[in-house]
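Novice: Next come the chains, spelled out residue by residue.
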Amino acid sequence: MINAGDTAFVLISTGLVMLMTPGLAFFYGGMVRRKNILGILMQCFAMLCVLSLQWMLFGYSLSFAPGSGFIGGLQWAGLFGVGLAPYAAYAPTIPHQAFMIFQMMFAVITPALIIGAFAERMKFSAFLLFSLLWATFVYNPICHWVWGQGGWLKEMGILDFAGGIVVHTTAGIAAIVTALLIGNRKGYANQPIPPHNLPFTVLGGALLWFGWFGFNAGSALAANGNAVSAFVATNAAAAAAGLMWPLLEWWHNGKPTTFGIITGSVAGLATVTPASGFITPFAAVIIGAAASAACFFTVGIIKPKFGYDDSLDAFGVHGIGGILGTLLAGVFASSAVNAAGANGLLHGNPKQLLIQLIGVAAAVAYTVAVTFVIYKVVDMAIGMRVSEKEEVMGIDLTQHREAGYTVLE
Amino acid sequence: MKLITAIIQPYKLEDVKAELYKAEVNLITVSEVLGHGRQMGVTEVYRGVKESGNLLRKVQIDIAVNENFVKPTIDAIIKGARTGDVGDGKIFVTDLHECIRIRTGETGSIAIG
Numbered sequence: 002m003i004n005a006g007d008t009a010f011v012l013i014s015t016g017l018v019m020l021m022t023p024g025l026a027f028f029y030g031g032m033v034r035r036k037n038i039l040g041i042l043m044q045c046f047a048m049l050c051v052l053s054l055q056w057m058l059f060g061y062s063l064s065f066a067p068g069s070g071f072i073g074g075l076q077w078a079g080l081f082g083v084g085l086a087p088y089a090a091y092a093p094t095i096p097h098q099a100f101m102i103f104q105m106m107f108a109v110i111t112p113a114l115i116i117g118a119f120a121e122r123m124k125f126s127a128f129l130l131f132s133l134l135w136a137t138f139v140y141n142p143i144c145h146w147v148w149g150q151g152g153w154l155k156e157m158g159i160l161d162f163a164g165g166i167v168v169h170t171t172a173g174i175a176a177i178v179t180a181l182l183i184g185n186r187k188g189y190a191n192q193p194i195p196p197h198n199l200p201f202t203v204l205g206g207a208l209l210w211f212g213w214f215g216f217n218a219g220s221a222l223a224a225n226g227n228a229v230s231a232f233v234a235t236n237a238a239a240a241a242a243g244l245m246w247p248l249l250e251w252w253h254n255g256k257p258t259t260f261g262i263i264t265g266s267v268a269g270l271a272t273v274t275p276a277s278g279f280i281t282p283f284a285a286v287i288i289g290a291a292a293s294a295a296c297f298f299t300v301g302i303i304k305p306k307f308g309y310d311d312s313l314d315a316f317g318v319h320g321i322g323g324i325l326g327t328l329l330a331g332v333f334a335s336s337a338v339n340a341a342g343a344n345g346l347l348h349g350n351p352k353q354l355l356i357q358l359i360g361v362a363a364a365v366a367y368t369v370a371v372t373f374v375i376y377k378v379v380d381m382a383i384g385m386r387v388s389e390k391e392e393v394m395g396i397d398l399t400q401h402r403e404a405g406y407t408v409l410e
Numbered sequence: 012m013k014l015i016t017a018i019i020q021p022y023k024l025e026d027v028k029a030e031l032y033k034a035e036v037n038l039i040t041v042s043e044v045l046g047h048g049r050q051m052g053v054t055e056v057y058r059g060v061k062e063s064g065n066l067l068r069k070v071q072i073d074i075a076v077n078e079n080f081v082k083p084t085i086d087a088i089i090k091g092a093r094t095g096d097v098g099d100g101k102i103f104v105t106d107l108h109e110c111i112r113i114r115t116g117e118t119g120s121i122a123i124g
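One line per chain: the protein sequences are F and Z, in this order.
Just so you know, we're using the numbering used here here: the first sequence kicks off at 2 and counts up by one.
Just so you know, we're using the numbering used here here: the second sequence kicks off at 12 and counts up by one.
Hints in this document: simulated from the structure, not taken from any laboratory.
Each residue gets a CB set at the ideal place from its N, CA and C atoms; glycine is no exception.
You may find that some hints are simply not true.
[To be verified] Going by beta-carbon spacing under 8 Å, a handful of chain Z positions derived as facing chain F: (1) Y22; (2) E25; (3) L45; (4) V53; (5) T54; (6) E55; (7) V56; (8) Y57.
[Said to hold, decoys possible] Taking lysine-lysine and the PhoX-like style, the derived pairs with C-alpha atoms no more than 20 Å apart in a straight line are: (9) K13(Z) / K101(Z); (10) K69(Z) / K90(Z); (11) K82(Z) / K28(Z); (12) K90(Z) / K187(F); (13) K187(F) / K69(Z); (14) K28(Z) / K69(Z); (15) K187(F) / K390(F); (16) K90(Z) / K28(Z); (17) K69(Z) / K33(Z); (18) K187(F) / K28(Z); (19) K390(F) / K69(Z); (20) K82(Z) / K13(Z).
[Unchecked claim] Here are some chain F residues the structure puts well away from chain Z; computed CB gaps all over 12 Å: (21) V51; (22) G68; (23) G70; (24) Q76; (25) G82; (26) A127; (27) L134; (28) T137; (29) G255; (30) A404.
In isolation and in its complexed conformation, chain F is listed as follows (with noise of 0.2 Å):
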């Protein structure tokens, strides 16, 4: 039975998901050199693109149609039987099309979150054939696990309320292999690379904070208590997160930054996904400065140490956040906040963290090998890597003959 007020909140939220997608352009755009600002728009507005196409001709199908317990079937491809009316097993309150077009929007915004581990340095044709085949072989099917009808994970009773596993640690997973396989930008050890624009940065992490509240209260899927919840708990963990790096800031670099507030509070909103709807408000809040602390940690730590050129961190914020977060869910959730969820380690079921944690272990397993399969195949193919003179030049000149932005007029 549809329900008015419940398919007005997916909509809505769908539309915040979407906004996810542009704001994240910025946050990554503004901490790219300004010869390549266009390079990162361009690469997230055509995951908008590419993404939304492939989702309704099979991604959706592959992801949630009733299949294996690996890979959902080819029944719904081209929208084939997604109609208007509620499929139940995912909401039964809303239209069918609702739920895969709220679902569609993190189809889009996971490949997207990758972005940063190459940027500046990668082709876009490349780009777009690498994401189009990750999404295909990784997004599908690891969505399918764990958020599918018949899901090996998700039967296994994982819990991950909207994307610990399928969108971050997925994504930032991907991130730090295709760094590791493209290599470091040119001049990164001994040249510093500052962000060009943080106002941009910081107006774009704006935007992903708005927007998660439809990312995690909309994974409800309904406009009930649950997606109030998850709301509450989702600004608690961006709030004691974006306090705490600039705290652990002025302890260890003297200074709090802006920068530090920003990516902080993006760390507590990726960490806190998994669980947002399973716990309440003041577990979000440890969850938030576990999540500054595991991130800042290994972003201005171990990064510097080993040297991989993870440009923009997504592996140091949203893989790191990602699997935190997941194992986290496993200790904080509370059947008593959400009755469809479980119990975690605190609340009596040390079970529920073991699952947590092979379903963090088979989506790293996985996610590494076929992305790293991906890359070597688009690589022989037609290249990842632009040249070093394409590279020097800019991506936006290079890849696009545009410029960013003008100086004289």
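Following the hints, put chain Z in place on chain F, whose structure we already have.
Specialist: Relative to the frame of chain F, chain Z by itself:
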């Protein structure tokens, strides 16, 4: 006294600075400029319309030096900036009439160093 003006590739600035510090040239002014050489810059396209002869971003370095520092400075800049590719840049050397340190009012060679 001479004023040395160098136009270099922006990504070479750190290498040039490192070479200058090694040559004990520690005074420097850097600005962002636009320009192109005989290759006539790049072509940009906006909604299908091509615009050619567009200027490329460069970095300009200005250093005032005493006579004995002219060659070391030029050598350092070349060492830091040369890649062998088109676009390495140019160095101009002009006569400097006067140099004054604002804080103390010193003039001439003492003010430069």
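Novice: A separate judgement is required for each hint: does it hold in the structure or not?
Specialist: Hints and how they fare:
Interface restraint check: Y22(Z) against chain F, minimum CB-CB distance 6 Å, threshold 8 Å, status holds. With its C-beta approaching chain F no nearer than about 5 Å, E25(Z) sits inside the 8 Å limit, and its interface hint holds. Hint status for L45(Z) relative to chain F: holds, with the closest Cβ pair at about 6 Å, below 8 Å. Taking 8 Å as the C-beta cut-off, the interface hint given for V53(Z) holds, the closest approach to chain F being about 6 Å.
With its C-beta approaching chain F no nearer than about 6 Å, T54(Z) sits inside the 8 Å limit, and its interface hint holds. Here the hint on E55(Z) is kept, as its CB sits about 5 Å from the closest CB of chain F, short of 8 Å. Taking 8 Å as the C-beta contact cut-off toward chain F, the hint placing V56(Z) at the interface holds, the least distance being around 4 Å. Among the interface hints, the one on Y57(Z) holds; its C-beta lies about 7 Å from the nearest C-beta in chain F, closer than the 8 Å criterion.
A distance of roughly 16 Å separates the Cα atoms of K13(Z) and K101(Z); the hinted pair therefore holds under the 20 Å criterion. For the hint linking K69(Z) to K90(Z), the alpha-carbon distance of about 17 Å falls within 20 Å, and the restraint holds. For the suggested pair K82(Z) and K28(Z), the alpha carbons sit about 16 Å apart, so the restraint of at most 20 Å is met. Distance check on the hinted pair: K90(Z) and K187(F) sit about 18 Å apart at the alpha-carbon level, within 20 Å; holds.
Distance check on the hinted pair: K187(F) and K69(Z) sit about 18 Å apart at the alpha-carbon level, within 20 Å; holds. Only pairs whose Cα atoms come within 20 Å are accepted, and K28(Z) paired with K69(Z) is accepted, the gap being roughly 15 Å. A distance of roughly 10 Å separates the Cα atoms of K187(F) and K390(F); the hinted pair therefore holds under the 20 Å criterion. For the given pair, K90(Z) sits about 10 Å from K28(Z) by alpha-carbon distance, which is consistent with the 20 Å threshold.
At roughly 23 Å between alpha-carbon atoms, K69(Z) and K33(Z) are farther apart than 20 Å, so this suggested pair is violated. Proximity of K187(F) to K28(Z) is assessed by CA-CA distance (about 17 Å); at most 20 Å being required, the pair is judged to hold. Simply put, K390(F) and K69(Z) have alpha-carbon atoms about 15 Å apart, close enough for the 20 Å limit, and the pair holds. For the proposed pair K82(Z) and K13(Z), the alpha carbon gap of about 11 Å is at most 20 Å, so the pair holds.
Its beta-carbon lying about 21 Å from the closest one in chain Z, V51(F) satisfies the requirement of being farther than 12 Å from that chain. Consistency note on G68(F): stated as away from chain Z, and its beta-carbon is indeed over 12 Å from all of that chain's, at 44 Å minimum. Non-interface status of G70(F) relative to chain Z is upheld: no Cβ of that chain comes within 12 Å, the nearest being about 49 Å off. Non-interface call for Q76(F) relative to chain Z: holds, since the shortest CB-CB distance, roughly 42 Å, exceeds 12 Å.
Its beta-carbon lying about 40 Å from the closest one in chain Z, G82(F) satisfies the requirement of being farther than 12 Å from that chain. Here A127(F) stays apart from chain Z, with its beta-carbon at least about 21 Å from theirs, past the 12 Å limit. With a least CB separation of 28 Å from chain Z, L134(F) remains clear of the 12 Å interface cut-off, as annotated. The beta carbon of T137(F) is kept farther than 12 Å from every beta carbon of chain Z, the shortest such distance being approximately 31 Å.
Distance check on G255(F): its Cβ is at least 23 Å (rounded) from any Cβ of chain Z, clearing the 12 Å threshold; non-interface status holds. Look at A404(F): its CB is around 6 Å from the nearest CB on chain Z, not clear of 12 Å, so calling it non-interface is violated.
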